[in-house]
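Q: Could you build the full structure based on these sequences and the hints that come with them?
Note that the protein sequences, when read in sequence, are chains A and B.
Residues in the first sequence are numbered consecutively from 1, following the numbering used here.
Residues in the second sequence are numbered consecutively from 1, following the numbering used here.
Hints listed in this document are in silico derivations from the structure and should not be mistaken for laboratory results.
Some hints could be false.
[Said to hold, decoys possible] Think about it this way: if two alpha-carbon atoms lie no more than 30 angstroms apart in a straight line, the pair counts; the simulated DSBU-like pairs of lysine-lysine are:
#1 B/K67 / A/K521
#2 B/K67 / A/K518
#3 B/K119 / B/K63
#4 B/K107 / A/K521
As a plain string of letters, each chain reads:
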Amino acid sequence: MTLLGQFSLWLALFTALWGAGAAFFGRPALRPDMARTATRSTYGVAAALAVAALCLWKGLFAHDFNIEYVAQYTSRNLPTSYVFAAFWAGQKGSLLFWATILSLFGAAAQTVTSRRHAALLPHVAAVTNLVIAFFVITMLFAANPFERLLFTPEDGRGLNPQLQNPGMTIHPPMLYLGYISITIPFAFAMAALLAKRLDTGWIHAMRKWTILSWLFLSAGITLGMWWAYVELGWGGYWAWDPVENASLLPWLTMTAFLHSVMIQEKRGMLKRWNAGLIVTSFILSIFGTFITRSGIIASVHSFAQGSVGAFFLTFLVVSSVLSFALLYIRWPLLEPEARLESMASREAAFLFNNLALVGIAFSVLWGTLFPIISEAVRGTKITVGPPFFNRVNVPLGLFLVALTGIGPLIAWRKASARNLRRQFIIPVATGVLTGVVLLALGIRNGWALTAWALCGFVAGTVTQEFWRGIRARTRMHGESVPVALAHLVSRNRRRYGGYIVHVGIITYIVAFAGLAFKVTKEVTLSPGQSADVRSPYGHTYQLTHLGVSQYSQLNRFVSAASLEVKRDGVSIGRMTSEKRQHLDSFGRKTFEPSTEVAIRSDLREDLYVVYAGSVNGTDQATYALTINPLVMWVWLGAGILIAGGLITMWPGGTVISARRRSETEAGYEAPLVGAGVTE
Amino acid sequence: MNRRDLLRGALLSLAGLPAVRRVAGAQTAGAARDSTAGDPLFRPDAVQRRAVATAGDNDPVVKDLEKKLKCTCGCNLDIYVCRTTDFTCQYSPALHTEVLDLRSAGKTPDEVVAAFVAKYGEQILMAPPPEGFNLAGYLVPGVGVAIVGTLIGLVLLRRARLAAPAPAIPSGPAVTAASAADREKLRRALADVQD
Chain A
1 MTLLGQFSLW LALFTALWGA GAAFFGRPAL RPDMARTATR STYGVAAALA VAALCLWKGL
61 FAHDFNIEYV AQYTSRNLPT SYVFAAFWAG QKGSLLFWAT ILSLFGAAAQ TVTSRRHAAL
121 LPHVAAVTNL VIAFFVITML FAANPFERLL FTPEDGRGLN PQLQNPGMTI HPPMLYLGYI
181 SITIPFAFAM AALLAKRLDT GWIHAMRKWT ILSWLFLSAG ITLGMWWAYV ELGWGGYWAW
241 DPVENASLLP WLTMTAFLHS VMIQEKRGML KRWNAGLIVT SFILSIFGTF ITRSGIIASV
301 HSFAQGSVGA FFLTFLVVSS VLSFALLYIR WPLLEPEARL ESMASREAAF LFNNLALVGI
361 AFSVLWGTLF PIISEAVRGT KITVGPPFFN RVNVPLGLFL VALTGIGPLI AWRKASARNL
421 RRQFIIPVAT GVLTGVVLLA LGIRNGWALT AWALCGFVAG TVTQEFWRGI RARTRMHGES
481 VPVALAHLVS RNRRRYGGYI VHVGIITYIV AFAGLAFKVT KEVTLSPGQS ADVRSPYGHT
541 YQLTHLGVSQ YSQLNRFVSA ASLEVKRDGV SIGRMTSEKR QHLDSFGRKT FEPSTEVAIR
601 SDLREDLYVV YAGSVNGTDQ ATYALTINPL VMWVWLGAGI LIAGGLITMW PGGTVISARR
661 RSETEAGYEA PLVGAGVTE
Chain B
1 MNRRDLLRGA LLSLAGLPAV RRVAGAQTAG AARDSTAGDP LFRPDAVQRR AVATAGDNDP
61 VVKDLEKKLK CTCGCNLDIY VCRTTDFTCQ YSPALHTEVL DLRSAGKTPD EVVAAFVAKY
121 GEQILMAPPP EGFNLAGYLV PGVGVAIVGT LIGLVLLRRA RLAAPAPAIP SGPAVTAASA
181 ADREKLRRAL ADVQD
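A: Right, here's the structure in full:
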């Protein structure tokens, strides 16, 4: 099986290089056979890598511990779902996963892209093939998942207990899908630059890919937050760890792109900026992978170090130089068709939105790299942790939230004072009212208060936009409010889907601000003893330690500490936090005992209980108790954001091209004023 | 499960005890107990050992201090998060004790931080002090955004000043009230635009 896997990797490499060569050197614009060779090579690469992936899964499920990767990440008693997920648990498997999924995306891009953009496809194939070739080369020469051991261990080491969580089956693949799928918009951008087809065609060809990629990244990042929250036991979901930061970087630049591309479609502006943003997003996705795999920056997420870091660094440098050089060469062809005319215009608002997003991305990158910069400049090692990132990014983030409310309200080109008054009065009043009410309720934390007031402002904006649209439809078409809402959204999915995404974002912000009111307490309790924790909402939880149960379960020995929980004297149930000692199939300990958190959630707050350990090996237990306000809003925000994103990209929409739109607008204004009224 | 555990399990089963072993405490839930010591666990090695939580562990000043100081185990977390999360860490409990000792000796929070920096170097801080070269770390992103934003604003204002006044709408026939046909045309046009 490993032989077939190895062969498949080599086959994928040669096919990818052959396809790329056909596109770059075969003049596909003049020779259809070369164009076909390039595009069809993607199917060959996908097939070869799919075979390699199946070979690795076969080795994992067959417990072939002679394969180093299988021995390293699985054991005979590992539950089946985690044997499946072990594919991406380690460096080597995740590289194969990355290459395989990219090849499938590459083949899908060839299949689903409209024939109108056929001229771009050979170059798209070439770029995706080259990226795949890099991953395959890295596997073949630095991290081969089919490497065999000189002996066969009787059992594998098993999967790290923290990875034995349902999140493992979905968070890494989702994040990888986000990272990987950025390659497709990047390939379209490169193809447009290579083929000198720099009209809005490439934008339309890759728009849904960009949203898809952004959605995968959003879901992957949020799932990572959820996993960290339920599994790691520290009571938080974001630690500004370098690898977390690395996932945020391309998300920020892609968010900027999704906004600025509207200006290119509407007004033919920001062409260079948009091409630069897509290239930057791709480079940042590779940079994130480099950070994870090189060990250059200390992170809890890092894979084992090795020569892989050097491969990634080389690829990072080469792809950056080539991409930006191509962009520079095509610079004169990317002249804007119009110019910004006013500060009070939607274009300007979007430009400032881009500035804030790219500014945050830069500050995150700057903070992540600052320890290295400081050591190089001063020779002093420093740590850049959450206090730094919060101090630098919170003001920029609030600026961005404000722009989220401002952007949709301002007219294109130039807004009049009357327009501004009419548009802003309700949202601003909503924001101010939110702030006043919260102040009256006793909220005194300035950052949280500002964040929630701005969220009120954005909520006012979105509600006003929906309400005006619904009202127009009910008046014009006589529709009921629910029908008008459905038609409003379905007939302009991009606009109203975008507003729903904004609601998702402010739901996140509401949750983040809630962290300012977190309560933590450590207690040691003997069975029957109780401890009180006071919630920021004013009520008190009383937790009574019931005792510790110990039993065997699946591939682990469990010590479960239980608490009876009362809120203001009323019983609300029992919570159990566990210690899990994982064992191999011979009953030997594989890792240190890990912790399973007990969480009781509602819309207001989470009661978060961690069984920290026992005193002198007895059932006297020490607990870390945390009350986390508004955490559920993070997960709600993710659901809303993804729903909005899916609406924007749902097929069958009626988004018209920029050219058609401008023609439609011109043809629609003239008859109304010039002919229609005077006839 | 090894042979010893298997044998022990078999003996317990023969004795009529449940296979899932529960300690006495679990069966006396709710009963008031004033003893601070608990009953021994069946497998104490399967659980990390922890000290009894003290008032010092919950002192907000200590917590705030520990959130500013990094654990030296290499986890990249602050002392507070590490000691309340990674229960296998040997470093964070010791560093916590160090903080408590310094506080007990009458040191102010700033003096505790200074003592840690003197002992472990600047790297012990979770965020570099905003002074000297570190100021670049804090200011570059915000100042960069402010400068670029100001430049964009200035360019836009300059363009607005230089822009020629909008051409007047050429005089034509007076606009009269729209007819029913016009309104229908407008309705269709708006519907098209909405679509």
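Q: Take the hints in turn and mark each one as holding or not.
A: Going through the hints against the structure:
1. A distance of roughly 14 angstroms separates the Cα atoms of B/K67 and A/K521; the hinted pair therefore holds under the 30 angstroms criterion.
2. Simply put, B/K67 and A/K518 have alpha-carbon atoms about 14 angstroms apart, close enough for the 30 angstroms limit, and the pair holds.
3. Distance check on the hinted pair: B/K119 and B/K63 sit about 20 angstroms apart at the alpha-carbon level, within 30 angstroms; holds.
4. Our distance criterion of 30 angstroms between C-alpha atoms is met by B/K107 and A/K521, whose separation comes to about 23 angstroms.
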